[in-house]
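J.: Given chain Z, work out where chain G should sit, using these hints.
Top to bottom, those sequences are chains Z and G.
Using my numbering, the first residue of the first sequence is number 1, and each one after it goes up by one.
Using my numbering, the first residue of the second sequence is number 1001, and each one after it goes up by one.
Simulated from the structure, these hints should not be mistaken for lab results.
Be careful, since some hints might not be right.
[Stated by the list, open to error] Listed next, the in silico DSS-like pairs over lysine-lysine satisfying Cα-Cα at most 25 Å (straight line):
| # | chain 1 | residue 1 | chain 2 | residue 2 |
| --- | --- | --- | --- | --- |
| 1 | Z | K113 | G | K1201 |
| 2 | Z | K112 | G | K1084 |
| 3 | G | K1312 | Z | K97 |
| 4 | Z | K142 | G | K1030 |
[Claimed, not checked] Far from chain Z, by Cβ distances over 10 Å, these chain G residues were calculated:
| # | residue |
| --- | --- |
| 5 | V1027 |
| 6 | V1306 |
| 7 | V1349 |
Each residue gets a CB set at the ideal place from its N, CA and C atoms; glycine is no exception.
One letter stands for each residue in the lines below.
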Amino acid sequence: MSDLSNPKHALFVRDLRKHYGSVRAVDGLDLAVAPGECFGLLGPNGAGKTTTIEICEGLLAPDSGDVELLGLRWDREERQLRERLGIQLQETQLADKLTVQETVRLFRSFYKKGRTVNDVIALVQLEEKRDARVGKLSGGQKQRLALACAIVGDPDLLFLDEPTTGLDPQSRRQLWSLITEFKSLGRTIMLTTHYMDEAEMLCDRVAIVDHGKVIALGTPEHLIRSLGAEHVVDFALLDESVSLDEPTLRGLDGVLAARPLAGGYELQVGALHRAVPALLALLAQRGLQLSRLATHSATLEDVFVSLTGRQLRDE
Amino acid sequence: MCSFHSPGDNFAMSDTSDNSLWQLITVRFKEYTREPEALFWSFGFPILLAIGLGIAFRSKPADIVHVAVVTGDARATTLADALKRDSGLAVTLLPPDSAAAALRTGRVALIVAPDSVGGVLYQYDDTRPDARTARLMVNDAVQRGAGRADRLPIADRHIHERGSRYIDFVVPGLLGMTIMGGGIWGLGFSIVDQRRRNLLKRLVATPMSRAQYLASYVISRLVLLALEAGVLLGAATALFGVPMRGSFVSISIIVVLSALAFGGIGLLIASRSKTIEGVSGLMNLSMLPMWVLSGVFFSSENFPQVVQPFIKALPLTATNDALRATLLRGVSLPGVAPQLAILATWMIVCFGIALKIFRWR
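Chain Z with its partners taken away, still in its complex shape (with noise of 0.2 Å):
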């Protein structure tokens, strides 16, 4: 049987604090994810998820709080953890002097059991680059040489962090489809990110992380459910003197919630269909033209706004 079949969880983090100098990177931070699950961290940058996964994994030390994985802990089992982690760092540059094979198989070495070389390029499609220097891949396929490298040892617990950043969408999308393979196989993964639209398309559950704390956490589904509402109304009026008072906008028909958004207004919307006219006749009565008008189904980036009031973009 499986070692996973005993712990309850994959991984079990408990009031988990790191600091550099006066900052708090990780500020009392608690996750709990299950075997089998893909579990995401979604964060603005400097949020504290890299620092979070990187205590996970075992390369920093946190101050205080206790990570669990697996059911072995680090200061006890590591090298049996070593074995059964997969691990891709944010910004590894592997040798470039070395070919995608070679690379491959240096890191199959370092595990007592695990897939073999082969397989694991054509997991991540790179049969074609099989004998190519690293240095010459492009970030895409850069990125799968680092997954490539991360599975090769047949993890049951895979660590991402921000396994698409700095990627064109074609390659992420190729990527999010190995990962989407990856999970269908039954293992544990743990992955960072601040684009929302990855964390809705990988992630069962996602921990909302800001200041080094979980400020919401559930499925993808359950939190955009919680803002009430289905869809989002972003808007700006050509008059940039003129302003709109928020008590009037949420006054209209159907909407939730309004706030003054770069440089225009975005409203949380229940209904689009009776939203939408009573925004253009209001804005006819007053006699004002606008300069942008877009709609979209809510998404997690307006339930991060909701709880922050920031964009996860901010840098």
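T.: Frame of chain Z, contents of chain G only:
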């Protein structure tokens, strides 16, 4: 058991040849041999340097000393004739201005000028050994020309001993320099580069043995060094006839111990740095004094007595002294025990500290 099946996957327990130490070492070699510049600096450069120095300082049949005789006086021709009788002197008659210019630019070592009272004035730089030699030879010829005779019969026998030429002196120094550069650059640069790329952290995140990681550097360094030393000494013997009087075992032991001492220094230098700039500064800081002081190109005995204990304690001095003693004079290992002790101390202290403070991320 929830394994990770995909078509054709048999979950091989291992490719047994894929031992991790072996993999780490082969990767080291591949990275090294795919860096043509590195190959040149460790193999080509010392040989080119030896050839250049060998040509510049080659032993000529007998050094001809160039001197000038100032024209304008009736006795100038007589003096020149007297000087020409010595085959070791090349004599040129020059007007005063040209003679002065020739002396300044080093084309002649000494100027002979007849003076107004029947004597001779020698002009030369008394700090230049060749000028002092010229002074002795010229004076001898001038005095004979004036009728001085030898009081005692003398005879000369010429002996040209391999092992005492400049090329013999410089080859062990170049070998020492190669060992130092290989140890310090080979470990320092490459480890810091991996740390800078986050690759060291990535490797530490696997079950890789840290001891094997460090061992792979030491082992690959030693193998490369055996090649480098072989090529350099082979070229020196074949091209210049530099003698190898010590035993192969003695030479090997000195070379290996030196490589380990400099490997330890390289590891210590690389143990904390996170940037190439930082580690380059440290490497130059540690190597520069030894290039100057440790007797690579000229004997370290030239430095004042008071700093000699310090110079003797430098690892490159120990390496160079031990190599010269073995290669040129055939001294056996007990004869270089003090140098070996110095190298062993450097090795133990540096490895010890480096392993304690090494930053694995």
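J.: Work down the list of hints and note, for each, if the structure agrees.
T.: Checked hints:
This hinted pair checks out: Z:K113 and G:K1201 have alpha carbons roughly 21 Å apart, not beyond 25 Å. Distance check on the hinted pair: Z:K112 and G:K1084 sit about 85 Å apart at the alpha-carbon level, beyond 25 Å; violated. A C-alpha spacing of about 40 Å is found between G:K1312 and Z:K97, which places the hinted pair above 25 Å, so the restraint is violated. In summary, the hint linking Z:K142 to G:K1030 is supported, as the alpha carbons are separated by about 19 Å, within the 25 Å threshold.
Some Cβ of chain Z comes within 10 Å of the Cβ of G:V1027; the nearest lies about 5 Å off, and the non-interface call is violated. Here G:V1306 stays apart from chain Z, with its beta-carbon at least about 47 Å from theirs, past the 10 Å limit. Every Cβ of chain Z is farther than 10 Å from the Cβ of G:V1349; the closest lies at roughly 28 Å, confirming the non-interface assignment.
The earlier numbered hints that this structure contradicts are 2, 3, 5.
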